[in-house]
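Colleague: Sequences are here, hints too, so could you generate the full structure?
Chains as they are written, first to last, in this note's numbering: chain A, 1 to 118; chain B, 1001 to 1118.
Since the hints were made in silico from the structure, they are not lab data.
On a predicted model such as this, the values are computed, not experimentally measured, just so you know.
Beta carbons: idealized from backbone N, C-alpha and C, even for Gly.
Covered stretches of chain B, as calculated for chain A (at least 3 residues, CB under 8 angstroms):
(1) 1004-1012
(2) 1017-1029
(3) 1103-1114
Sample of chain A residues lacking proximity to chain B, with all beta carbon distances greater than 12 angstroms (derived):
(4) Thr26
(5) Ile35
(6) Gly38
(7) Asn41
(8) Trp55
(9) Asp59
(10) Arg60
(11) Gln73
(12) Gly81
(13) Gly85
Dumping the calculated BS3-like pairs for lysine-lysine here, alpha-carbon to alpha-carbon at most 25 angstroms:
(14) A:Lys10 to B:Lys1032
(15) B:Lys1032 to B:Lys1083
(16) B:Lys1010 to A:Lys32
(17) A:Lys32 to A:Lys45
(18) B:Lys1010 to A:Lys17
(19) A:Lys83 to A:Lys32
(20) B:Lys1083 to B:Lys1045
(21) B:Lys1017 to A:Lys10
(22) A:Lys32 to A:Lys48
(23) B:Lys1074 to B:Lys1032
(24) B:Lys1074 to B:Lys1046
(25) A:Lys74 to A:Lys32
(26) A:Lys4 to B:Lys1017
(27) B:Lys1048 to B:Lys1083
(28) A:Lys17 to B:Lys1004
(29) B:Lys1083 to B:Lys1046
(30) B:Lys1010 to A:Lys10
(31) A:Lys83 to A:Lys46
2 protein chains.
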Amino acid sequence: MARKQLFDIKGAFAIYKEDELFLGHTQYILLKALISEGSINAAAKKCKISYQQAWTLADRMNRLSPIPILIRQKGGKDGGGCKVGAYGEELIRLYERKMQQFSEEMMLLNQDLDSCLL
Amino acid sequence: MARKQLFDIKGAFAIYKEDELFLGHTQYILLKALISEGSINAAAKKCKISYQQAWTLADRMNRLSPIPILIRQKGGKDGGGCKVGAYGEELIRLYERKMQQFSEEMMLLNQDLDSCLL
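Modeller: Have a look at this one:
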C-alpha cells in the first residue's frame, strides 16, 4: 500500500459561459438527479437543497445553454415533471470526461509534493 | 488574434496538510506581501485584509509548516516586524511552479471546449 502523502494538492473546476457559471459540481449533481428523479421537486430532495435553489440553478443553466437542457412537462401530482433532453445528457458526459482529465492532472500536480515540502 | 472562446473552464487549487488548508492563493499573496512589507500590519494593508485576518492566516500557515515560515522580530513602531525565512521563500517558488503547471493543465482542459458545447 502506498504511503499516504502528508501534503496534498486539491482543486476544483467549473465551466463558465462568458464569465457566468454554467456547469460546476452542484449543477452536475443536479442534472444527474433530474434524470433519475424526473422532477425538480424530487431532484431537489435528492440533492438536499431547497426547491427554490434547484429551480434557480436549473433555470440559469437552461438560460445559458445554447440548446435547452430541460424540457418542462406540465401536469402530474408534482406540478409537472422535468425531462433532461439529449443535450443535457451530452453535457453530463462532457463534464465526466473533464472530471477524469482534471483528476489525472491533479495527480501530476501532486507528484513529489511531499519531497518538495519536507 | 485567436477568437475568444464562448465557454471557458476555470479552476483553482490549494495545498492541504492532512485536509487542513495550508497554502492557497490568499496565503501566497500574503507571503509575498510579508516579504515586501516586512510586517504583518503593512502586509495586511497591502492585501486589503484586517490585521486580525492576516495574523490568523500567517499563524495557521506557520503552525502547519514542517519548518517555521515566519520569524518574529520584536520591537519597532509597528509592534515588531515579521521576516519570511528561507523555507517561506522556497514555498513561494514551489507555489509558483504549481500555478504555472496548473494553468497549462487548464489550457489542455479548455481545448476544443466550444466545439463540444456548440
